[in-house]
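Each chain, written out:
There are 2 protein chains.
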Amino acid sequence: MKRIKCELMYDGSRFSGYQSQPRDRTVQQEIEKALWKIHKKTSVKTHASGRTDAGVHAMGQVLHFDTPITMPAERWARALNGELPVDISVKQTEEVPETFHSRYSSVGKEYRYRIYRTPYRDPFRTVYAHHYPYPLEVERMKDAAKYMLGEHDFTSFCSTKTDKENKVRTVHDISFIEQGDDLEIRFTGNGFLYNMVRIMAGTLIKAGNGRLEPADVARILAARDRNQAPQTAPAEGLYLWKVHYHSTFSCHPVPGDLHF
Amino acid sequence: MKRIKCELMYDGSRFSGYQSQPRDRTVQQEIEKALWKIHKKTSVKTHASGRTDAGVHAMGQVLHFDTPITMPAERWARALNGELPVDISVKQTEEVPETFHSRYSSVGKEYRYRIYRTPYRDPFRTVYAHHYPYPLEVERMKDAAKYMLGEHDFTSFCSTKTDKENKVRTVHDISFIEQGDDLEIRFTGNGFLYNMVRIMAGTLIKAGNGRLEPADVARILAARDRNQAPQTAPAEGLYLWKVHYHSTFSCHPVPGDLHF
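Line order of the protein sequences matches chains V and H.
Start counting the first sequence at 1; every next residue gets the next number (UniProt numbering).
Start counting the second sequence at 1; every next residue gets the next number (UniProt numbering).
Simulated from the structure, these hints should not be mistaken for laboratory data.
One should not assume that every hint holds.
Identical chains share a label here; the pair holds if one copy fits it or two copies do between them.
Derived pair list, reagent style SDA-like, types lysine to any residue, alpha-carbon separation capped at 20 Å [as the list claims (entries may be wrong)]:
| # | residue 1 | residue 2 |
| --- | --- | --- |
| 1 | Lys-37 | Lys-161 |
| 2 | Lys-161 | Gln-92 |
| 3 | Lys-91 | Gly-50 |
| 4 | Lys-40 | Glu-165 |
| 5 | Lys-41 | Met-1 |
| 6 | Lys-91 | Pro-133 |
| 7 | Lys-91 | Asp-182 |
| 8 | Lys-167 | Asp-153 |
| 9 | Lys-33 | Pro-133 |
| 10 | Lys-146 | Arg-169 |
| 11 | Lys-142 | Ser-105 |
| 12 | Lys-91 | Thr-170 |
| 13 | Lys-146 | Gln-21 |
| 14 | Lys-146 | Thr-42 |
| 15 | Lys-33 | Phe-100 |
| 16 | Lys-146 | Pro-22 |
| 17 | Lys-142 | Ile-177 |
| 18 | Lys-91 | Tyr-116 |
| 19 | Lys-40 | Gln-21 |
| 20 | Lys-41 | Thr-188 |
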């Protein structure tokens, strides 16, 4: 058996999230259907770095699977793309050691949250960015973000629907990229809880529009209570951008930033 | 009655084109439905600069309508956007003299055709650009485009389904913007026939991939026969970018190039 690591992108707008569910269309289901065809109607189980919710996009989701088929590892990308629907695309495949696991070997992740602020909704971005046509003071958002950096118990920034016991995570960096009416917030950390990036984004927006003081973030974190944090920001602005692994798990140098 | 000129954008992917048709969802139908609501269930007829086909997008379609409602002309944009679906957005509205007609007063148009050339399909661009993962020599495309410039009988570059008698049009400019894997072809002219931009784009692609000599364009034009020209390029790459009018019809200075 060979273990194949697979980096993929998907437009989340027509999926009920990543993870397989009866009845609904999901990314995992489409990938396992493609693998089932390639393996002559034998089921192949995939393991992803984590789930994404309905409407959330991915530029660099990672999964792995084990296969008895022998072909050059990079050819898997073409084989899968030949079977996948138009809203999923495999960017790269490579063979990895058996000790690699897309979820447990991950040492960090990057998520990006996209906001656009034109007075009217852009029909081309309805499902690709969060439309927020009100004033936002980015300096206040940056001040609020500083309180989120470092190691914290993020219970207040986690959906109560989670099944995770340990809510301690480390946020390495939160940066803001402004370009005209566009505002992108980039979050990197060692891991993120269920809805964590979207609750952080909702909190930063509320700091930006003046309805929350940046220093309130410290109080919200300390409360360890989801009800203390603002609303979850909409799914359409969120992109799972990159999953990081120790370089021992890759024959490739760490790739530079992706342009989009 | 006041005449209102309206500039709008739409994502053409979920429309069966611009013009109203029984049963199918069209842009015109959605706009007239919005106007019907604003006019307390009275029908209002709209006139557009021209139709766009199923799947074709618009960044600057123009239409006009006459209304007995008195409100500051620029407020119409907000009123319409409040009633329109998410895939249509009104960018600007202004009052124009009764002598203005969105179609007959037009002095020219710009269309853009977008191609992207990554090895694999990009799930975020499936319906927003034409995926062409084969080699294209842009210099050959530029050479072929030169034969299309100026005044010609464009019968060979017009769908036989047209109802237009006069097939003489003037193409003012065809420019190529390359950025990494992206190639955008910008066409400006005094007017374009049914499918004309898409047949020109299909012809330029065939010159770029070597299956047509640039000089063949002269022969194709002279033949005045649709069968002599290559295939119509797919709708998803095409954007009606701008409709031009004499400045006497606008209180605004001619706007600069739009970034997208």
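The hints, checked one at a time:
When the C-alpha separation of Lys-37 and Lys-161 is checked against a cutoff of 20 Å, the pair qualifies neither within a copy, at 34 Å, nor between copies, at 42 Å. For a Cα distance limit of 20 Å, the shortest separation of Lys-161 from Gln-92 qualifies neither inside one copy, at 33 Å, nor across copies, at 44 Å. Taking the closest pair of Cα atoms, Lys-91 and Gly-50 come within 20 Å of each other only inside a single copy of the chain (18 Å); across copies the shortest separation is 39 Å, beyond that limit. Taking the closest pair of Cα atoms, Lys-40 and Glu-165 never come within 20 Å of each other, the shortest separation being 40 Å inside a single copy and 56 Å across copies.
For a Cα distance limit of 20 Å, the shortest separation of Lys-41 from Met-1 inside one copy, 17 Å, qualifies, whereas the shortest one across copies, 67 Å, does not. With identical chains, the CA atoms of Lys-91 and Pro-133 are at most 20 Å apart between copies only, with a shortest distance of 14 Å across copies and 34 Å within one. Taking identical chains as interchangeable, the C-alpha atoms of Lys-91 and Asp-182 lie at most 20 Å apart only when they sit on different chains, with a minimum of 17 Å there against 26 Å within one chain. Taking the shortest alpha-carbon separations for Lys-167 and Asp-153, only the intra-copy value of 5 Å comes in at or below 20 Å, while the best inter-copy value is 70 Å.
For a Cα distance limit of 20 Å, the shortest separation of Lys-33 from Pro-133 qualifies neither inside one copy, at 41 Å, nor across copies, at 25 Å. Within a single copy, Lys-146 and Arg-169 get their C-alpha atoms as close as 15 Å, which meets the 20 Å cut-off; across copies the closest is 60 Å, which misses it. Taking CA atoms no more than 20 Å apart as the test, Lys-142 paired with Ser-105 passes in neither setting, with 31 Å inside one copy and 50 Å between copies. Taking the closest pair of Cα atoms, Lys-91 and Thr-170 never come within 20 Å of each other, the shortest separation being 28 Å inside a single copy and 43 Å across copies.
Within a single copy, Lys-146 and Gln-21 get their C-alpha atoms no closer than 37 Å, and across copies no closer than 55 Å, so neither meets the 20 Å cut-off. Proximity of Lys-146 and Thr-42 under a CA criterion of 20 Å is satisfied in neither setting, with 49 Å inside one chain copy and 55 Å between copies. For the homomeric pair Lys-33 and Phe-100, neither the shortest alpha-carbon distance inside one copy (23 Å) nor that between copies (56 Å) is at most 20 Å. In this homomeric assembly, Lys-146 and Pro-22 never come within 20 Å of each other (Cα to Cα): the closest approach is 41 Å inside a single copy and 56 Å across copies.
In this assembly of identical chains, Lys-142 and Ile-177 lie within 20 Å of each other by CA distance solely inside one copy; the values are 11 Å within and 36 Å between copies. For the homomeric pair Lys-91 and Tyr-116, the shortest alpha-carbon distance between copies (15 Å) is at most 20 Å, but the shortest distance inside one copy (27 Å) is not. Taking identical chains as interchangeable, the C-alpha atoms of Lys-40 and Gln-21 are never at most 20 Å apart, the minima being 23 Å within one chain and 45 Å between chains. For the identical chains of this complex, Lys-41 and Thr-188 are neighbours neither inside a copy (39 Å) nor across copies (52 Å), given an alpha-carbon limit of 20 Å.
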